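Chemist: What follows is each chain in one-letter form.
2 protein chains.
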Amino acid sequence: MDQLLFWLVPAASVLALCFAWYFHRQMMKESEGTPQMVKIAAAVRKGAMSYLRQQYKIVGWVFLGLVILFSIMAYGFGVQNSWVPIAFLTGGFFSGLSGFLGMKTATYASARTANAARNSLNAGLRVAFRSGAVMGLVVVGLGLLDISFWYLLLNAVIPVDVMTPTHKLCIITTTMLTFGMGASTQALFARVGGGIYTKAADVGADLVGKVEAGIPEDDPRNPATIADNVGDNVGDVAGMGADLYESYCGSILATAALGAAAFIHSGDTLMQFKAVIAPMLIAAVGIILSIIGIFAVRTNENAKMKDLLNSLAFGTNLSSVLIVVATFLILWLLKLDNWMWISCSVVVGLVVGIVIGRSTEYYTSQSYRPTQKLSESGKTGPATVIISGIGLGMLSTAIPVIAVVVGIIASYLFASGFDFANVGLGLYGIGIAAVGMLSTLGITLATDAYGPIADNAGGNAEMSGLGEEVRKRTDALDSLGNTTAATGKGFAIGSAALTGLALLASYIEEIRIGLTRLGTTDIFVGGEAVSVQDATFFDFMHHYDVTLMNPKVLSGMFLGSMMAFLFCGLTMNAVGRAAAHMVDEVRRQFRDIKGILTGEAEPDYERCVAISTKGAQREMVVPSLIAIVAPIMTGLIFGVPGVLGLLIGGLSSGFVLAIFMANAGGAWDNAKKYVEEGNFGGKGSEVHKATVVGDTVGDPFKDTSGPSLNILIKLMSMVAIVMAGLTVAWSLF
Amino acid sequence: MDQLLFWLVPAASVLALCFAWYFHRQMMKESEGTPQMVKIAAAVRKGAMSYLRQQYKIVGWVFLGLVILFSIMAYGFGVQNSWVPIAFLTGGFFSGLSGFLGMKTATYASARTANAARNSLNAGLRVAFRSGAVMGLVVVGLGLLDISFWYLLLNAVIPVDVMTPTHKLCIITTTMLTFGMGASTQALFARVGGGIYTKAADVGADLVGKVEAGIPEDDPRNPATIADNVGDNVGDVAGMGADLYESYCGSILATAALGAAAFIHSGDTLMQFKAVIAPMLIAAVGIILSIIGIFAVRTNENAKMKDLLNSLAFGTNLSSVLIVVATFLILWLLKLDNWMWISCSVVVGLVVGIVIGRSTEYYTSQSYRPTQKLSESGKTGPATVIISGIGLGMLSTAIPVIAVVVGIIASYLFASGFDFANVGLGLYGIGIAAVGMLSTLGITLATDAYGPIADNAGGNAEMSGLGEEVRKRTDALDSLGNTTAATGKGFAIGSAALTGLALLASYIEEIRIGLTRLGTTDIFVGGEAVSVQDATFFDFMHHYDVTLMNPKVLSGMFLGSMMAFLFCGLTMNAVGRAAAHMVDEVRRQFRDIKGILTGEAEPDYERCVAISTKGAQREMVVPSLIAIVAPIMTGLIFGVPGVLGLLIGGLSSGFVLAIFMANAGGAWDNAKKYVEEGNFGGKGSEVHKATVVGDTVGDPFKDTSGPSLNILIKLMSMVAIVMAGLTVAWSLF
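Protein chains in written order, with our numbering: chain A, -7 to 725; chain B, -7 to 725.
If you're looking for bench data, these hints aren't it; they were derived computationally from the structure.
Wrong hints could be hidden among the right ones.
Copies of the same chain are indistinguishable here, so a pair counts whether it falls within one copy or spans any two.
Below, a list of computed lysine-lysine pairs in the DSBU-like style, where the Cα atoms sit at most 30 Å apart [to be verified]:
| id | residue 1 | residue 2 |
| --- | --- | --- |
| 1 | Lys371 | Lys202 |
| 2 | Lys365 | Lys606 |
| 3 | Lys586 | Lys371 |
| 4 | Lys371 | Lys675 |
| 5 | Lys464 | Lys21 |
| 6 | Lys371 | Lys681 |
Nothing here was measured: the structure is a model prediction, and the numbers come from that model.
Given only the sequences and the hints, what does the whole structure look like? Please build it.
Modeler: Okay, here's the thing in structure tokens:
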């Protein structure tokens, strides 16, 4: 029965891919519109694909280097599991594939969305949302497929008699985690590279076009406008796809590993198996419910804006409610120990995600006081807009942090049977909460991903001269996407924090395996020997003295906090530099190519695309490598306590910093929109100019540095896990 | 012999106060200049004093509330040492007195400095620097006096037979720490209130005066100009005085407490006594060397700018070199165990302080590339100035964090005899490093405090119409102060981090005392009972499970990181709001009082002073109370592990955030100055306007939120220490 239940996982993943293919085909059947629209869409597609090719080339080199390193460690020195190099590669491949497929769909969908919007708002929504759904379903489908494949493969090849039977699942699940590192690495490059690309183009286009030349957004006379549209695709679509693929798999794998670890001492292989497949099953059911939710997003032909919003909200809420019911059902069917309370942990995860999403909406939407007051601060110029935005962003960290803290404690207590000492099951509960949050990713990602499609459709409409009405509709779709995306962002960042915590426990498991591989049989706790096999999390904490009085732990924590800031600083500066090149180029074209501004000559779009591509590539390498090198170096210098300090310091500071940057950026964006809606003088007023400065500053906040921090947190953990063998060997040596 | 050595401490403190009085008298003998100068200085003095009176009134209410709370805890429920209410009051009183005396001197000195600068640059420096020295010497003098007084008093009144002899010094030193909480509370209100005051006035004056009306800084036609000058006094002088009083005493007291704790099990009361007075002796010798350093700052009559800089640097460097030599000598005389290596910890502290200072200078001075590039980013407008400044600030956190980490490890290893397991002595080493850093505070604070005096002198010169030449001289003095102040800031922030760590250990000691007071005799470590008296730091860590896998610790850390951001957000917003009121008032006066801009009518300065005063008072209460309430609430909900998580999370995030904000703010300030020196178009150019926006944003970064974080870090620790008894009682209950 339980074995049968497992097959639901690959089945759901195939189902997701089928529906993705179906939605893709449906979208392709739509007309791309006028020849001008086709031409522009082709230019954007070409730029986006050429960028992605370049990015994959560089990432390929990094992967090659890492695979050689892992191979030496695995086959040369034996401090590494022999499956790691291959698992690492597949994780990277699938993560990249998710981004690629999502972006391919998006670039085909933008002109079609614009064309559909010529008919009605509703038609535009249908095309854009279904295309977003392709991305959502590809990500969850490929994710679960990869997980199923590896689970079945490792189950078949790892001999049963390894140590004790309960160790087998432990080894399987922690090995699978290493494909998470491949996904994280790919995701980091995609997010950082894409984020730099899109914001260099956006900031560059805005600064010269909107501010200096006074032409509207997406105006075809602006040489950077194609690059700007390409940026939306490579940053907001491909980058986000790779990112969430990684979050999704990371949370499931970490929770599975925790499930295996929680039952390692009981000898109860059946219950262990159940704990391992529970997160996968929740995710599988989540896929089915997401598809139902996607189909539930329907409106009649002459729907108003409010109807559309309700319809989208209905789809996501339906999925969320159903997943709660389904979780109780599936864990009861599975007869997992303590199934009722563990199901409650799933509910906790969903609630935390929703609270963070609502808080994001409150602080960043122009329907509420904070952003309206931010607009008002523009009356005293750009400086007060910046000061107030930073203040707002910092204040907005309070609710999400409190929500996560309550979530940590509640899901820990529920799963551990209200026993703080039951660390194994408690941490499992935290992981389960993260899985619950991401279980309906199929639909939440759809509501997130269709925003950039609508944005691009708007660009296409503007450049093709489709007129005010169409542009207004695509803008409405875009702003609708911003509102629903707030929840999606809440889920992404909240799950990163919870997954980060779950990964800490996996790190300890990997240390256990590393010690065993090196022939260490005992660790010492308070002078007494405890067998490595039987040692609890507590025992490891005490053996390595991972307490808050150990200077190595404290040093690691300072370094972790610094990593978050350093990483943000590097990406912020990268955007600044790349944008400056773009500004120079746009100014040069305005100067050298006569007749651009009168519309008589066509600007050299490709040159701007090339500049963004080159800038993003040059700039993404250093921050990404630092994220990989830091945990390795910390491990070599400060050992296990230092690494754990680094991870926790990076996690707590990085989480808060990420929320600060995302919310400040979002609020600046909408404060500008609020003014553009006619408040405080409207477009063209001094207040508007002041809020445009805020919006420009906010661009790298919310679309480059902020979201990259999510990945940084998890990538550092993943690197630490994969390198645990080396850390252990080095400290014994 | 050792008892005799102790008397060096009160002797040095009296010496410091005598010299402070001498320098004050010397300054008062100078002429205040023309009647106009006298009048302006009187107006500034009146505004500053009236603000301080108001602030002390509010702080008085907060103190009253806290003293009642402590009295109930101490005399009602017996969960508190009975000396706490009184010690708390004296700490608050002396901290306030330091600020008051420093500010009083500064307000008398500004006109005299301006008048002296009419003769020569050198004469101006002499008056300003000696007045700064009054502040430096008052702070260290009152600090050591308070410490000596309490040490002698408690030594006399606490019976010898309390527990074991070695426990007596432990109780004395941890009781003394509670006067640190009084100082911290006073300092926080002074920094936050003063910081909001000064930046509300500064930002308000700049936004309307410089940007809108186009009149120069400190122009008498600007109604906010007196408030701006008052702000320099209440924020940069009184606030800084209270702040550093608290740092100075905090580091000495925490280290003394660690010294007592390190020898608690040895029964060696003599060595324990030596370890307790060692930090006091280092500080006492530091006072004498500071006075020597102050006298070494001499120049001949027609000294150039470069000579002055060299002369100041000579004074501080001389003190630093001498303190190294003197430390070895004094610890050798004291025959402290391991004296040579412990002296090395002092050197580590000094080196870390200097490295942070140099790094600050590199990132924020217009003589180096980072700030020059920041100016250049103004070519593409204010948005890129902000993006680049934030990037620069974030990058600049790397060197200080690495320096602190190296410092932590090195001073720990030196003092512990290269034994990581010797936590008591290791932490003592970290404390000693902090004391080393602050030992020459007498002179470093003098070089820091004379900056605002020179700034005010410039304001006075401008408003009294003393002409271009005098203004140029005071500007030169001000900018000279900025350079030397970088080192001072490095010392302040570095010592906050190290003192924060040392306070963690004191928290554990206070838990031990709390348990004893409640009659708990044993704690349990791995199932075995250990007597509370004999338990080591490790034992407490394991008893309370203060490991990185405990969800309470993790929750505390998230909350701690959040506290740093929340606190900054509140203070940033406070400045924004208060500045907006100021802007409204200045605009109103320009509109309603005819003839202000032509110089025919006098603006209503007092009204602006009143607005700043009211704004600062209203806004300072919430952030300050949050800092006090957070550790209490965390203790009640999450117990000891939660509190330690909160403190460490706040420390690591707060330290990095503080450096980021201070350096970004400093760099923006100097980037504007670099443009004003004639680069990228000079004053009035578009680049200049862009950098003015950066400077305005930077004001609350570097003068309100950033420096307040230093105090937040320590105040939260102090509150936790004072409330430890309650936390323990509550968790037993």
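Chemist: Give a verdict on every hint.
Modeler: Cross-check of the supplied hints:
1. Both within a single protomer and between protomers do Lys371 and Lys202 lie at most 30 Å apart by alpha-carbon distance, with minima of 20 Å and 16 Å respectively.
2. In the homo-oligomer, the alpha carbons of Lys365 and Lys606 lie at most 30 Å apart only across protomers (21 Å), although the nearest pairing inside one protomer, at 39 Å, exceeds that limit.
3. When the C-alpha separation of Lys586 and Lys371 is checked against a cutoff of 30 Å, the pair qualifies only between copies, where the shortest distance is 23 Å, while the shortest distance within a copy is 37 Å.
4. In this homomeric assembly, Lys371 and Lys675 come within 30 Å of each other (Cα to Cα) both inside a single copy, at 13 Å, and across copies, at 24 Å.
5. Taking the shortest Cα distances, Lys464 and Lys21 sit within 30 Å of each other inside one copy (24 Å), while across copies they are farther apart (74 Å).
6. Taking the shortest Cα distances, Lys371 and Lys681 sit within 30 Å of each other both inside one copy (10 Å) and across copies (17 Å).
In this structure, every one of the numbered hints holds.
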